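J.: The chain contents come next:
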Amino acid sequence: MPYAELAATLSSGLLVTVQVTAGAALLAVVMAVIAGLARSSRNPLVRWPAATYVEIFRGTSALVQLFWIYFVLPRFGIDIGAIAAAVAALGLNAGAYGAEVVRGAIRAVPQGQRDAAVALNLSPARTLFRVIWPQAVPAMLPPAGNLAIELLKNSALVSLIAVSELTFTAQLLRTSTLQTTEIFTLVLLAYFALALCITAGMRRVERRWKIAA
Amino acid sequence: MIFDWNYALGILPQFAPALWITLQATAAGMLLALTLGLVLALLRRCDVAWVSWLTAGVIEFVRSTPLLVQIYFLFYVLPETGMRLSAFATGTLALGVHYAAYCAEVYRAGLDAVPRGQWDAAAALNLGPLRTLWRIIVPQAVARVVPALGNYLVAMFKDTPLLSAITVVELLQTAKMIGAESFRYVEALTLVGVFFLLLSLGAAALIRVVEGRLQVAHA
Amino acid sequence: MPETPPPIIRLRGLRKSYGNVQVLRGVDLDVPHGQTVSVIGPSGSGKSTLLRLLMLLDAPDAGELEIDGESPWTAEPGGRMRADNARLRRVRGKVGMVFQHFNLFPHMNALQNVMEAPVSVLGLKAGEARERALDYLDQVGLADKAEAMPAQLSGGQKQRVAIARALALQPRIMLFDEVTSALDPELVGGVLALLRGLAQRRTITMLIVTHHMRFAERCADRVLFFENGVIAEDGPPAELFHDGVHERTRRFVEAVTGD
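Residue numbers (numbering that gives the first Met the number 0), protein chains in the order written: chain A, 0 to 212; chain B, 0 to 218; chain C, 0 to 258.
Treat the hints with caution; some may be incorrect.
On the chain C side, residues computed to face chain B include the following (Cβ under 10 Å) [stated by the list, open to error]:
id, residue
1, Leu-56
2, Asn-84
3, Phe-98
4, Glu-115
5, Leu-121
To spell it out: a stretch of chain C is covered by chain B in this simulated footprint if at least three of its residues, at any positions, have a beta carbon under 8 Å from a beta carbon of chain B; those stretches are [stated by the list, open to error]:
id, segment
6, 85 to 97
7, 102 to 111
8, 162 to 174
Restraint-style ranges between C-beta atoms, simulated for each label pair [to be verified]:
id, chain 1, residue 1, chain 2, residue 2, range
9, B, Leu-129, A, Arg-106, 38 to 48 Å
10, B, Gly-56, C, Ala-192, 51 to 61 Å
11, A, Arg-106, C, Gly-196, 45 to 55 Å
12, A, Gln-134, B, Gly-81, 56 to 66 Å
13, A, Ile-77, B, Glu-210, 38 to 48 Å
14, C, Glu-75, A, Pro-141, 36 to 46 Å
15, B, Leu-84, A, Leu-188, 21 to 31 Å
16, C, Thr-73, B, Gly-116, 24 to 34 Å
17, A, Pro-141, B, Ala-55, 12 to 22 Å
18, C, Ala-85, B, Leu-41, 16 to 26 Å
19, A, Pro-109, B, Glu-79, 49 to 59 Å
20, A, Pro-133, C, Ala-181, 30 to 40 Å
21, A, Leu-14, B, Trp-19, 36 to 46 Å
I should point out that these hints are in silico values taken from the structure, not numbers from a laboratory.
Quick caveat, the model's predicted, so the values are computed rather than measured.
Glycine included, C-beta positions come from ideal geometry on N, C-alpha and C.
With the sequences and hints as input, model every part of the structure.
T.: What follows is the structure, encoded as structure tokens:
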């Protein structure tokens, strides 16, 4: 099969990769913010569940998590299908790492800022959202960019539960055409290009926050 | 009851050889990553511009592409070039190469973190390049490098299930096989999760101890 | 007329840029052995760069640099300066340098800092090196701090260890790069007194970049006033500071001392 044809077939898989990654990234951001803030809380009842979530998803393998959600959860009556399982596993996994980023960035805001907010008699919520959060976000962005690339790389794992994304499509093509070297070279280049897009996108976001700060 | 404790206990021994394979892959992969990473880091610092840039490109490429695809690439493409490796050797090679790119960045950051004045002082005292590196720079970089390398060791350990994709019978593959045989995935997959959790948490605690020691030694 | 021995430092048309900034724009200088030279001038005028070139930490862009009759650099066809490694290290052996920020090795105690080079560069046995190191630590008044780690020492003590470390190689030339400017005011005196004592021995050629005008005036045989990357004025301190001819030095000194 000529390169153009291979590329055309692979591009349908590429689209699914982008969709799964984007969906998981969305979930990851939500989880990271919730768990990161919860872990920064002084209330242990808020802190502990978040800590458990973070430790479990950081402490086990992403692929094991994916298999658990796809194969084990249905036995508990939760059958969400391959695509949703893929998005859930990737998103929860990245969210756990992201929570640590959020927590670290919040902790890195100098104590003086909190003191000043207390001195101005701001409410805790207002302190968090108007004083701490805007200062913490710029510190979160560079590690968040790295996590986004890790997420993209992890999206290849969902080929193992038969989600027809890029790597899965490559495997199908390999068995039908046997043009192994060409296919996997194209696939690696495609992932690299996506990673470069993420890096470029994150740069723009970082610049915007820097100017605003 | 959905989770059968007796059944779980019963299949536990089947995981022993798989755990051994997993640990072997991690150890061999890390050894390769540490050495190859050092080579990459040195090439990255090379005075010849194109060597340095090319190395930077290779590091970036390996870091930005999925380990699973790299594993497939080696598994399917190496035999075409005449290199016949076992699935285990191929997987370990992929782990080593992938994490070498990360290790190279760790080494680089560690060396860059040593202040320029230390290089100046060593040069002013007329210490030779090897002596400078070995006696002055490396001891100061170690405290930064070791914890980071430790984290990648744990990360690599958690990536070993990917080897199941090329039929290496590590922990996850064992669980899949048990599941396929008995149609009971719950216990097997949960056990694998617990193994990883325990070993990762243990390793993380160990890294914190080492980190603390190193910081005390340099206080 | 007395026979003048060849200078231990000889510079002709020395130039150096970092990026687009021309730091040295043609420096000519002869320093006879044993002279103590103070180097003063506004910041960014090239004083520290001169010391870095003399220590052979950086290569000059152009010009001649000769230390004790030997020239470590040769211009390549492309114009870049290259050094033969063996010659570079031989010439470096004649020069010692003390840095503004001490640059002590933080993972070694004071004694180990001083011993490191005598062992590895001069090839002394550990026992000999130890004896020599203790001797130099004693000379800087820190024999009792031999086992202390740099983090446990005050700024002034760190700087004195750094001086002992440089002296332990017994260089013919010592370079001091603003060695008191990172110190708290009350610690400056001790370090300056140490330099004064060294200068009085006249066995070492000393180049001292400093902001202490009184020190420059009292302890140096000669003062170089740097401005815009060249030696703008050069002479004995009494002349430079007081004769009314050296207008630029006088104005600079007035500005920094507030007289």
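J.: Hint by hint, note whether the structure agrees.
T.: Right, here's what the structure says about each hint:
| no. | hint | verdict |
| --- | --- | --- |
| 1 | Leu-56 | holds (6 Å) |
| 2 | Asn-84 | holds (9 Å) |
| 3 | Phe-98 | holds (6 Å) |
| 4 | Glu-115 | holds (7 Å) |
| 5 | Leu-121 | holds (9 Å) |
| 6 | 85 to 97 | holds (count 6) |
| 7 | 102 to 111 | holds (count 5) |
| 8 | 162 to 174 | holds (count 3) |
| 9 | Leu-129/B with Arg-106/A: 38 to 48 Å | holds (41 Å) |
| 10 | Gly-56/B with Ala-192/C: 51 to 61 Å | holds (56 Å) |
| 11 | Arg-106/A with Gly-196/C: 45 to 55 Å | holds (51 Å) |
| 12 | Gln-134/A with Gly-81/B: 56 to 66 Å | holds (58 Å) |
| 13 | Ile-77/A with Glu-210/B: 38 to 48 Å | holds (39 Å) |
| 14 | Glu-75/C with Pro-141/A: 36 to 46 Å | holds (41 Å) |
| 15 | Leu-84/B with Leu-188/A: 21 to 31 Å | holds (24 Å) |
| 16 | Thr-73/C with Gly-116/B: 24 to 34 Å | holds (28 Å) |
| 17 | Pro-141/A with Ala-55/B: 12 to 22 Å | holds (18 Å) |
| 18 | Ala-85/C with Leu-41/B: 16 to 26 Å | holds (23 Å) |
| 19 | Pro-109/A with Glu-79/B: 49 to 59 Å | holds (57 Å) |
| 20 | Pro-133/A with Ala-181/C: 30 to 40 Å | holds (36 Å) |
| 21 | Leu-14/A with Trp-19/B: 36 to 46 Å | holds (41 Å) |
In this structure, every one of the numbered hints holds.
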